[in-house]
Amino acid sequence: MEKERPFLKKIDLNRYGVEKHGTMNVEGLLFLDDELLKVLGTDESITQVENVASLPGIVHASMAMPDIHWGYGFPIGGVAAFDADQGVVSPGGVGYDINCGVRLMRSSLSVKDAGTRIKEIIEGFYLNVPSGIGSRRKDLRLSREELRKVVQKGAQWAIEQGYGTGDDLEYIDDKGQFAHADPDNLSERAYERGREQLGTLGSGNHFVEIGYIAEVFDREIAQAFGLFENQITIMIHTGSRGLGYQVCDDYIREMVKTSAKYGITLPDRQLCCAPVTSPEGRAYLSAMAGAANYAFANRQLITHWVRETMEAVFRKSRGSLGLTLVYDVCHNTAKIEKHRVQGKDMTLCVHRKGATRAFGPGNPSIPEKYKAVGQPVLIPGDMGRASYVLAGTKQAMEETFGSTCHGAGRVMSRSQAKRSSKGRSIQKEMEARNIHVRAASRETLAEEMPEAYKDVSKVVRVVHDAGISRIVAKIIPLGSIKG
Amino acid sequence: MGIHEGHAAGYQIIDHEADTGFIVFAHRYEGLFTYSARALFSLITNLRKVRKGETKEVLIPLEPDSLIIFLNELLYLWDADRFITKTVAIRKEGSALRCAAQGEHFDRKRHIIKKEVKAATYHGFSIEFRDGLYRARFIVDI
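Taken in sequence, the protein lines are chains D and E.
1 is the number of the first residue of the first sequence in our numbering; add one for each residue after it.
1 is the number of the first residue of the second sequence in our numbering; add one for each residue after it.
Same shape as in the complex, but just chain D:
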């Protein structure tokens, strides 16, 4: 059943607007077609877009991408930018898994080369990449001092320890390091939770997946990204683990109290926030940067073990396997960025919660090699259907602060998914589709079954048709490990 929404107006085939009403400071802008709007049914995600629109200092619009779904406070798939001088920063606008993100590796292997080795590769990933709760590498133990360095340096720390090469850094958002991290602004508890979780995948929708490029939609951009049909790729999806969750919890607990001090009325307490320029706001941004750096280091370590696994399976060096990084994107962050808003240059605190940076051609933040075509945007789908590589566009810079969707978005609750999986073996169903899956938890597998998600092909079609990203290539999964 659809909810009655009198303020929702169709703008075009891929956009809906929410007219300003009540306490909203700006309008809502939803990138949705009719079909994806219908999928939202009675959920609260559009109300959440309206709530975000009422926060102080928000500019242009409270936005939602087509993978929007009901979150807590901010919707998942939400983008909101606040004036860096007059606006706020909200830990709930980033979420608990700070810098949850995706990286994609290319290879010189084709489906023919790897097709018969998938099981062996997946078993190797499962053995080498700690998956599921409580599992960790015995060869990685960190002192507090070392952990502080991880928080400061991000992926650079991992490279210095021999987990990858300097070339990798070039192909990570912000070169794998948010510069303003302050290790002193993370609590003792955050370090305690992070101590044994660096280099672990975690559970839920996190994964390492091997797949192949099934279709190239834009040859010029695919070439710039080093992608071609039938090429084997590896995708890694994880974030900042317990360290990030604790940073978020610490600052939400503080800001729930301080919002009132700054005269901020909250429509939802999970939207608690503080002015960007306040001591609380600045402290959060520096702690969040530290957690983001931890996540970059986490993905870098996993990349290293993925490369080692591939070397062992194919008995070839990573160089001859061509295992290089296409890119690494964050999808849960708040960042200080400069954008042009209604003809005016502004410094903004851009929150992307379940949304990906999608900077267009010519942007100075993009690696030299991709500058002419826009940054790669990596959109994982569900484990059974597809994932996509997109490219950022100029339109995204003008309309969405250079942002786009981040995944498929759930359509089924976890309980629904579990009910629907009763009596079925999701693992066997995947095998029947020639996808080899290993998961630490059967429950995770049930909750993550393909039909629990929207069809990612429909999601990326909306952002492509709206012009805020370009579809470059489609990846079909061959196997994955999940937590």
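Treat each hint with caution, since some may be false.
No farther apart than 25 Å at their CA atoms in a straight line, the calculated lysine to any residue pairs in the SDA-like style are these [to be verified]:
#1 E:K56 to D:E188
#2 D:K38 to D:K428
#3 D:K418 to E:I23
#4 D:K422 to E:S42
#5 D:K422 to E:I14
#6 E:K86 to E:R28
#7 D:K428 to D:S187
#8 D:K418 to E:R28
#9 E:K49 to D:G124
#10 E:K56 to D:G134
#11 D:K257 to E:K86
#12 E:K114 to D:E123
#13 D:K261 to E:P61
#14 D:K418 to E:K56
#15 E:K115 to D:G134
#16 D:K257 to E:K115
#17 D:K138 to E:K115
#18 D:K138 to E:K114
#19 D:K338 to D:N25
#20 E:K86 to D:R189
#21 E:K56 to D:S420
#22 E:K115 to D:K338
#23 E:K114 to D:E451
No lab work stands behind these hints, which were simulated from the structure alone.
Here the structure of chain D is known, so what remains is to put chain E in place on it, guided by the hints.
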């Protein structure tokens, strides 16, 4: 769906797309903590396999958000120390709640892990007293 602890006190799962929510019922305010902890850890493991051999004490400030703070404390004990809470005894102590969490440390041979819970959130969190029952509603981030 269903109330998991007899006719009145206990908990009920709320369907939420990305995460999981609970409505918890108790005859006493303190009981909300006991049943909420049980609801939370029922997501993480099979509590029937968990013994009550160890106790961890936590002190929670008495305030409107005490329940959320308490649940996040238990999640911290789980995430940093791998301590599974099976039951909780609560008593008021001045302006705080003293919570004795009974359970044991995770043992890979005996315990299964169902999923990771990141945090208890403040989104839609409420506590009310109606018809002789305390009711708390909260959503956890999975």
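Status of the hints after comparison with the structure:
1. Between K56 of chain E and E188 of chain D the alpha-carbon distance is near 18 Å, which keeps this suggested pair within the 25 Å criterion.
2. Between the alpha carbons of K38 of chain D and K428 of chain D the distance comes to roughly 31 Å, so the proposed pair goes past 25 Å and is violated.
3. Distance restraint check for K418 of chain D and I23 of chain E: the Cα-Cα separation of roughly 19 Å lies within the 25 Å cut-off, and the hinted pair is therefore satisfied.
4. For the suggested pair K422 of chain D and S42 of chain E, the alpha carbons sit about 18 Å apart, so the restraint of at most 25 Å is met.
5. Taken as a hint, the K422 of chain D and I14 of chain E pair is honoured in the structure, with Cα atoms around 19 Å apart against an allowance of 25 Å.
6. Distance hint between K86 of chain E and R28 of chain E is fulfilled; the C-alpha atoms sit about 19 Å from each other, no more than 25 Å.
7. Under the criterion of a C-alpha separation no larger than 25 Å, the hint pairing K428 of chain D with S187 of chain D is inconsistent with the structure, at around 44 Å.
8. The straight-line distance between the Cα atoms of K418 of chain D and R28 of chain E is roughly 32 Å, outside the 25 Å bound, and the hint therefore fails.
9. Distance hint between K49 of chain E and G124 of chain D is unfulfilled; the C-alpha atoms sit about 31 Å from each other, more than 25 Å.
10. For the given pair, K56 of chain E sits about 20 Å from G134 of chain D by alpha-carbon distance, which is consistent with the 25 Å threshold.
11. The hinted pair formed by K257 of chain D and K86 of chain E fails the criterion: a straight-line CA distance of about 31 Å is larger than 25 Å.
12. Restraint check for K114 of chain E and E123 of chain D: the C-alpha separation of about 21 Å stays at or below 25 Å, so the hint holds.
13. Proximity of K261 of chain D to P61 of chain E is assessed by CA-CA distance (about 20 Å); at most 25 Å being required, the pair is judged to hold.
14. This hinted pair does not check out: K418 of chain D and K56 of chain E have alpha carbons roughly 33 Å apart, beyond 25 Å.
15. A threshold of 25 Å between alpha carbons decides the hint, and for K115 of chain E with G134 of chain D the separation of about 11 Å falls inside it, so the pair holds.
16. At most 25 Å may separate the alpha-carbon atoms for a hinted pair to count; K257 of chain D and K115 of chain E exceed this at roughly 31 Å.
17. Of the supplied pair hints, the one linking K138 of chain D and K115 of chain E holds, its CA atoms being roughly 22 Å apart against a limit of 25 Å.
18. Between the alpha carbons of K138 of chain D and K114 of chain E the distance comes to roughly 23 Å, so the proposed pair stays at or under 25 Å and holds.
19. Between K338 of chain D and N25 of chain D, the direct Cα distance comes to roughly 21 Å. Compliance with the 25 Å bound is thereby established for this hinted pair.
20. A hinted pair counts as satisfied when its Cα atoms are at most 25 Å apart, and K86 of chain E with R189 of chain D qualifies at roughly 22 Å.
21. A C-alpha spacing of about 38 Å is found between K56 of chain E and S420 of chain D, which places the hinted pair above 25 Å, so the restraint is violated.
22. A C-alpha spacing of about 39 Å is found between K115 of chain E and K338 of chain D, which places the hinted pair above 25 Å, so the restraint is violated.
23. For the hint linking K114 of chain E to E451 of chain D, the alpha-carbon distance of about 20 Å falls within 25 Å, and the restraint holds.
Hint violations for this structure: numbers 2, 7, 8, 9, 11, 14, 16, 21, 22, all remaining hints satisfied.
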